[in-house]
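Residue-level listing of the chains:
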Amino acid sequence: MKAAKRGKVVSYNRWGYIFLIPFVLVYLVFQFIPLVSTVYNSFYENYRSGLTQIGPNFVGLGNYRALLANSDIWIYLRNTLIMWAMGFVPQIIVSLLLGAWFTNPSLRLKGQQFFKTVIYLPNLIMASAFAMLFFTLFSDGGPINSILVQLGILDAPFRFLSNTWGTRSLVAMMNFLMWFGNTTILLMAGMMGIDTSLFEAAEVDGATSTQVFFRITLPLLRPILIYVMITSLIGGLQMFDVPQVLTNGTGEPMRSSMTLIMYLNKHLFNKNYGLGGALSVFLFIITGVLSLIVFRFSSEKK
Amino acid sequence: MKKKLLSALLVTAMAVGTLAGCGGNPSSGSGTASGGAAGQQTQAAGGEQAADEGKVLNIYVWNEEFKSRVTDHYPGYEAVDATTGTIGDVTVKWNITPNDDNAYQNNLDETLLKQADAAADDKIDIFLVEADYALKYVDTEYTMPIKDLGITDADIADQYPYTQDIVTDSNGVLKGLSWQGCPGVLFYNREAAKETFGTDDPDAVQEYVKDWATFNETAAALHEKGYNIMSSVNDSFRVYSNNVTSPWVVDGKINIDDNIMKWVEDSKALVDAGYTTTYELWDADWQKGFFPDGKVFCYFGPAWLVNFSMAADTEGSIGNQGGWGAAKGPQGFFWGGTWICAATGTDNPSLVKDIMLQLTTNPEIMTDIVVKDDDFVNNKPAMEALADGSQTITKTDENGNVTYEGPYYSDILGGQNPLPMYCEGVADLQLSNLSSYDQGCNEEFQDAMKAYFEGKATLDEAKELFYKAVTEKYPELSY
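Protein chains in written order, with this note's numbering: chain H, 14 to 315; chain U, 6 to 484.
Rather than coming from a laboratory, the hints here were simulated on the basis of the structure.
Where a beta carbon is used, it is the ideal one built from N, C-alpha and C, also for glycine.
Residues of chain U placed beyond 12 Å of chain H at every Cβ, according to the derived structure: (1) Thr76; (2) Asp86; (3) Asp163; (4) Thr204; (5) Tyr213; (6) Ala225; (7) Pro297; (8) Leu310; (9) Gln336; (10) Glu410.
List of simulated lysine to any residue pairs, SDA-like, C-alpha gap at most 25 Å: (11) U:Lys473 x H:Gly75; (12) U:Lys258 x H:Tyr77; (13) U:Lys478 x H:Val72; (14) U:Lys473 x H:Trp87; (15) U:Lys461 x H:Met186; (16) U:Lys473 x H:Ile88; (17) U:Lys119 x H:Arg61; (18) U:Lys461 x H:Asn278; (19) U:Lys267 x U:Tyr213; (20) U:Lys478 x H:Trp87; (21) U:Lys300 x H:Pro170; (22) U:Lys293 x H:Pro156; (23) U:Lys473 x H:Leu296; (24) H:Lys284 x U:Asn107.
Start from the sequences and build out the full structure, keeping to the hints where you can.
Structure below.
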């Protein structure tokens, strides 16, 4: 009797494990093994010179030493964070505003579905195609410059892509345009999850809409905001396609718009898995640390 | 019971779903052994068009140029669609990967490294290389010696020696052939020349661009008339870089030649004065000078540039109106060129041999290429005969009626015969300073100096950036 009972429990557990197999398999093959092999590769000299393979030779921490020997990596980290912040700050402000308007029942906005679709649309365009479009629009002889010159706003074409802040702003603007719709939808979901009786109570007590927003919506939105912040930060650190295509991989001018992943891509020209691996591990640590800081910072005050 | 059945069913479904991608590949492996054997047999059989050779000829290229040469000039080639054709009962497959972001070489590298294990019909038979990186491929065993195909020294005796120097490996073995020579000249806008100098005669214009000092003075005169002397400083880069006295890499160290630094100095002055720009070659902005409104005086380039890349087919372009002229320019140089290499392990050696022989040694076909495509071909007697007019050309309309018979001339160059200039250029070509790092160094140097020209960096910062970029590409180098 007892044995049979236990057998039944065990057999249910077994089904549970069996159903976990697909996830574990996919995770192992596509996440865990690449992760381990990246760390493994980072300790080896391993690249191709022409068609000749050099290595792999074990070099210990040599790749890390080479990577940290000059300040390049910190400059690229700084570029990445600057361009991310330039895009993220307007993105979160606009998204909060739009989210608040869309979820506010007293406004009764017309055509909400239409606008929600429209603001999400830029995200559907391939980032590289979007960057190509901007490259053409903002090139020296491109339409934006022609318009500005013909309207008399500028005397001569402004060379957006030869200017540090011009290039950075374009990258930030593209990231903003691509992601604010997505963030708006996430924040709206969070806002709609807030108990409406709280809003009603505030209204009865005579709170202004500003007060409602700052005293009720924002504090209760904190978990979603943290989530948005961390995912955006991780996405931002991995920024690649937009600046890569916009500057043709050079990070012009003087590599002031070169991100960490673009730098990684430079090492892949000759299949330099050693330095590339070391750089990836470095990025992994940075991402982990920054995410932890954001998480601790925003969930501390309770 | 029912529950158990259901869960068993679910698990089966899941297992099938998980493993679905794993099967169905063994067939491609089995082809290898038999194909390899067949390939060896044909090689033993020698140059004859052997019946047991492969039925698929794989050609790796980066643009349409070679394809159009084969389509127009190789006897028996029939185009099927954009990427396939036939020669007899052999299917020709064109694998066209653009050069951008090194995509062509990446693709070629991966395929070549797998060449030994590939099925016979998947093996690369022919691939094309450019001078800048020819040594990267030629100096390996992945490229087949021309002799092994059965091509003799006598077959290629009429070619310009420099075209063979470029594809000769470090042991002195020749591993590729080219149908074109690429001596460069200065193509000037005839309209601009008339407006500024009062004449568009090539010899008179040459006086204004005969050396760099004169060239830079002329820039000022052109600026007054609203013309940029060149579309971009990068236009003249190759003219300087081909006249260097030392290679980019000496004993594993990156080396910047004095003539390259002279380019930097001259270019900085031109940019600062507003006489030209810093556009990258092939950019849309750079190409605006192909049209009269672009207001560009000249481009430096070889025959293929004016013929193949300067919008001569587009209505309204300078080339279309025959508005270019050719002058020798300040210094002789060459630019590019395309070499045909046979990949080791090809299963169509006799066809590869025939394509090489027809396109690079057959005087009739090569003369045809000059007439039809304005190209400069790799055949000394043929070129010299066309240059001095002893060999005449005939042009016919679509009904086959002869519309012109006489010495060679170029429509794009307004009827000028540029061949004597090219022939003179070929004689001067100096190729002892090539290295297998040329492509990376040339590209990175121009990129880095752009920041200096635009005033975004000091010369030292720009040099530092160049060294950094090159050592990223080639970690074995130091500076």
